[in-house]
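Novice: Taking the hints into account, I'd like the entire structure generated from these sequences.
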Amino acid sequence: MRVVLVVVFMVQIAFSAEYLVSISKNILIKNARDASVKSEKLVEALSKKDLKASRERFKESIVAWKKVQATYVAGDFDEMMIDIPRLFDIYHHGNEDIHAQLSRIFASDEALEFALFKNSHKSINALEFTLFAKETLTQREFQAAKIMAEAINTYISEIYEFYKANHQTFVGNEPKANSAILNALIDSSYKLKEWRVGDGGGFSKKYRKDADDSRNEYYLSKLSKEAVEAIITAHGQLMFDKEYQNFSTMVIQAGAEQELEIIREALRRSLMLLDLDSESFASNRALYESLERVHYGYYLSLITALQITSKIVDADGD
Amino acid sequence: MELLPFASFLNPDKRLFWVYMLSSLFIAGVYLLLYKKEARLNLSKKLWLHKSAQLDYLYFFVNYSLKVAIVLPVLFGAKEVALLTNRALFSFFDYNLITGVNYQLIVLLYTLTLFVVSDFTRYWLHRFLHTVPLLWEFHKVHHSAKVLNPLTFYRVHPVENLLFGLRYSVSIGVVTGVFIYFFGGAISVVEILGASAFVFIFSLFGSNLRHSHIKLVYPKQLEKFFISPRQHQIHHSRSHYNKNYGGYLAIWDSLFGSLCFSKDVGKIHFGLGEEEKRFSSVYQLLITPFINLSRRFV
Ligand SMILES: [Zn+2]
Ligand SMILES: [Zn+2]
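Chains as they are written, first to last, in the numbering used here: chain D, 1 to 318; chain W, 1001 to 1298.
In short, the hints are calculated from the structure, not lab data.
Here the structure is a predicted model, which means the values were calculated and not measured.
Glycine included, C-beta positions come from ideal geometry on N, C-alpha and C.
Accuracy of the hints is not assured; some may be wrong.
One-sided excerpt, in silico: chain D residues whose CB lies under 8 Å from chain W [claimed, not checked]:
1) E135
2) N183
3) K205
4) L300
5) L302
Specialist: Below, the structure written as structure tokens:
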């Protein structure tokens, strides 16, 4: 008996699922590398003090970063990695008014290395304010923006290095990896519909019938739609039928093909609805509802994949 | 659920799984070596070919087919209950996914909760089967066994099967719905050869002896927490129907005042006494409850 059990466990440990290898390489590592490269280019553009190029590089950076954020699983494999995204992306987390704080810092002549002492002062959101709040930037603001971009690049590169270094751990622990991916998708889809679309559009529980575009993520840079699109795209990388194996491979194996189709359909519809709309989400309730369906679809497929009904152990009498 | 009753022997989710049978046989063997006097009865033709036992063997196959037809559809409800629970929590408390938690801990917690909740609902349903007159008519089928053997476990009226199936769906559905709400995908049951670890361990320690004449008792302190095979045999005694309703755990019997220790009971008689006669064929096992009910309530 014991021998059988040991063998079963050994096989489980030694076995690394092909779809996980593919997810690690084609999605996690690739997206993180892309975001790392893009944020490095942003630093370069800022070094040259080229505002137009910097804004363009900023856009590319956030599109790349949102994909990494939407599928962020590093925290499930190392506690030290849990807080990394929040350190440089404070959307919906920073309660403090960093715009006022940054304006004060830019007006003062304190050395920037000391003035920008808080993490939030060097966040993507701080950088967005610095680059897009005004038409032109002072030398000091350029200098500050570069410090911010460097901090962002450091964090994103850390994530990239983590994924590379932990590839084996990830692919070798299938239940844990599945759980981490699914929870990333559940969490990301909730925040996508409720915060990123719902809060600004006036559909969320918190701001029902109280639309205000300025609550949108990347309102200043007018990149709200691009950010939402990037997040949906990242979900698609895991769930659509791709040339590489992805999470949908596992979902189908687990017997939740119908539920997968609900998710895919809702993702496709969300992308379509996004194209029709302006930067404002206020008149796009359908998008909110479609994203809600994505979120719901993940729970639905999870419950189906668990096959709880097959776990009938002596459901009979006594 | 497999369509063939023989599949029970190969399925670790079933009490008749060959590993559990073998371990029960081993425990019984050791017991009989220690108590040689009891070997004669336990190995006798009189016991294994008793009319009541023969009926158990036959009924096992009949009940199996009926279960597939009646109970299986109900069990699919577990998924809906899980989803409903999850949605209800969302509408009351919005979103509360706890991320970055210790994965192994959640899995252990889920498995443990599932086991305890399921055992709890099993206790209460079993108790209701005895205390609600309408239900007792159906549960009599199980208690009409004059002698006990592992297949007596399946001597249960389809209506009772249905109730146990429903109970199971609701228990597992609610627990799963709650866990998914808080922990998302971090819940897949810890399994040993496909069965929940707890059930596996308990089944290994002789669940099959609950319905047998092997008087395996646990020390009194242990019988406060776990139902010993003897304690369930006592439940089958005509004078102790209202004791030891528990499945695996004895804590519910302790808590709700229905616990009875093995050492407090002497000789016992199984069956229903006079009424047994009306449960002596497959047809009767299926139909007598309805006849009794029509006499009682119409
Ligand atoms: Zn019994
Ligand atoms: Zn009973």
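Novice: A separate judgement is required for each hint: does it hold in the structure or not?
Specialist: Here is how each hint holds up against the structure:
Given the 8 Å rule on beta carbons, the hint for E135(D) is violated: about 39 Å separates it from the nearest Cβ of chain W. Interface hint status for N183(D): upheld, as the beta-carbon distance to the closest one in chain W is roughly 4 Å, under 8 Å. Because the smallest distance between the Cβ of K205(D) and any Cβ of chain W comes to about 6 Å, under 8 Å, the interface hint for this residue holds. With a least beta-carbon distance of about 7 Å to chain W, the hint placing L300(D) at the interface is held under the 8 Å criterion.
The interface hint given for L302(D) is met, as the beta carbon of that residue sits about 6 Å from the closest beta carbon of chain W, less than 8 Å.
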